[in-house]
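Asker: The primary structure of each chain is shown beneath.
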Amino acid sequence: MRLIARLWTQAQPVVSALISSTVIDFHDAEDLLGHVAETVVTKACEYDPQRPFVPWAMGIARYRILQYFEHQRADRHVGFDDETLALLAEAHAEMAEEASARLAALRQCLGQLQGKSHRVLEMRYLHDHRSGWIAEKMGMTPGAVWTMLHRVRKILADCIERRLAAQTQGGEP
Amino acid sequence: MSETDINPQDFQWLVSRHFDGELSPDESTELEVRLKGDRACVRQFARASLLHDQLRTMFLSNLARESMTADAAGGTTGQTALPKARMIRAGKIVATVAALAIGILVSVNLTLRSTAATAPPLAVLNAEIATQWSDPNVELLLRRGDLPSGPLRLESGVAEFAFAGGATAVIEGPAVIEPLTRDRLSVASGRVIGRCSTKQARLTIVTPGAEVTDLGTEFGVAVGDDRHTQVAVIQGEVEFVAADQSRRMKAGEAVAIDARGRAEQAAYVIQDFSKLARLMPGFTEPELADANLLADPEMTLAPVFYGAAERSSPWRSTAGHVDLVSGPAHSGSVAVRIRALGNPMWPLVWQDVRTGPIAGQVAVASVWAMQPSQDPLTARQNAIVKIMFLDAAGREFAGAERHFLRAEAPKNHWVRGQIAALAPPGTMALRFQVLLNARGQKSGSLLVNDAVLSIAKPKGPDALKMK
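Quick mapping for you: the protein sequence lines, in order, are chains S and U. This note's numbering puts the first residue of the first sequence at 340, with every later residue one more than the last. This note's numbering puts the first residue of the second sequence at 17, with every later residue one more than the last.
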């Protein structure tokens, strides 16, 4: 069981990312992550230590996500099919080893954001507000909020890539 | 980059709006088609989703860290550090991993959840004084109004549970208990006081040697390490069933029952239980209360965010969740409103009061609260009134709280919540708090008004005590 715990530590960030990229509601995604962890425990005896753990955990996550979509039939367009989920799970699993480095880089990049950009991110990610609500509070149009969120994510993504590249080259950007 | 600079066909733009839940059905279909048709798009999506998820983690972690920093900096600007620190999503990871490591499934469920309404638990935490649970996640669940499955180990302190059947049980640690049904409690060890304040309420306490059922009464049950059971009737009558007999007992009677179910009279037990019975009074002894220590006790000044430099109000609050509203108040014409707004934690309003050394004195906190019909509490949300004990450095080191005003209560009706506890050695200040157990729900609010925080010397050896 300790082995499973150690392996889960590495898998959890990418499993969480897969879930929150497909289940848009943060709270539902967090619930789902709990269910996946629970299933990992109950099925631990079925895990073959000779095989990689992350894809195994991803398989459980995929199953749970599909179950979630089944329960959300009224909103079918929000869900991906299993083929797409499989592609995404594979791509997420490949990032397991770099997840912690990306998190560290994000911490530094986020520290450089200020003002309205930071405030919009806070409203979206801390308070879980949607664009319409943010637009009303910030005196913006919803379209401007979408643009700002897109722009800020792009800035952060570029910043992370620069920092990761610099780390591999031994310097700080 | 303006709105007009965006190319709607830009894949990143599509992904970004997907994460915000803003795609139309056609756009969602387009996103999926592009993911299936291009592995580069899949990798790009995965990187973006990791960023999306880590941003959520980062903001929640920062909130908790700010809270802890403010708390460590001193009493006046502190937020409740410990609960928030436990509530951060990073804590969820730890809790989950811990659960995996020790194989306790329930710990996984204790992780931070937004909790869609589910069936009400068999029993909920009603109040606690200086409790220490063997698993900190158990405390988290209990404070959120959930009930972990399986036995609960209370290491120290006193906890009161309200059972769905209407009874309450006060448990003194160390104890191992497990609510079995809406009116049955298993006690493997420790001391418990059962109370049935209405005719409909029933409570049966199941021990290794006996089953004790109240008949409209207050009674105590203790189970020792030797699995012997002691039963004492404080008020009314109880019936106990042991291996060799079944009998009724009246107030003032007590028996000792061994693990095989053999019972004998044991009147000496009564005195211990009468002390425990006073640990969680259903309500106050008003004579305990001296002068109100709070500034602006009517709560007429708008609370300010705990990190703000502004000092226009003695009340501090969780940013974005607390404001002042005009209209019906318990007294006056304004009240403080605390709103859930999707907060997975406990948005709150609080005030710190420097008291000097008050160890051994009883601190009493009370507040009036109501749920407005415009935005009533949702399933299993509730109000909490809490006293935190602070040391000379302004750090919280003990606390006591009462949960009250649940969603089932009448709307637009003011009720008072109160908690009393003995100040432990080292107490130099008190923190008065009113919290909303928001449970991640977007709706639900409380109006609060007329707060009281007072201290008084305990009255005699049987007065309120705190371990």
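Honestly, the hints are just simulated from the structure, not real lab data. Note that CB positions come from ideal geometry on N, CA and C, so glycine has one too. Wrong hints could be hidden among the right ones.
Stated by the list, open to error - Interface residues of chain S toward chain U, partial, derived using beta-carbon atoms under 8 angstroms:
id, residue
1, Val-353
2, Gly-398
3, Glu-422
4, Gln-451
5, Leu-452
6, Ser-470
Stated by the list, open to error - In silico lysine-lysine, DSSO-like type, Cα no more than 27 angstroms apart, as pairs:
id, chain 1, residue 1, chain 2, residue 2
7, S, Lys-476, U, Lys-458
8, U, Lys-215, S, Lys-455
9, U, Lys-427, U, Lys-215
Asker: Now tell me if each hint is right for this structure.
Answerer: Right, here's what the structure says about each hint:
1. Val-353: 7 angstroms, holds
2. Gly-398: 16 angstroms, violated
3. Glu-422: 7 angstroms, holds
4. Gln-451: 13 angstroms, violated
5. Leu-452: 11 angstroms, violated
6. Ser-470: 6 angstroms, holds
7. Lys-476(S) to Lys-458(U): Since the Cα atoms of Lys-476(S) and Lys-458(U) sit roughly 17 angstroms apart, the hinted pair holds (cutoff 27 angstroms).
8. Lys-215(U) to Lys-455(S): 59 angstroms, violated
9. Lys-427(U) to Lys-215(U): 25 angstroms, holds
The structure fails to meet hints 2, 4, 5, 8 from the earlier list, while all remaining hints are met.
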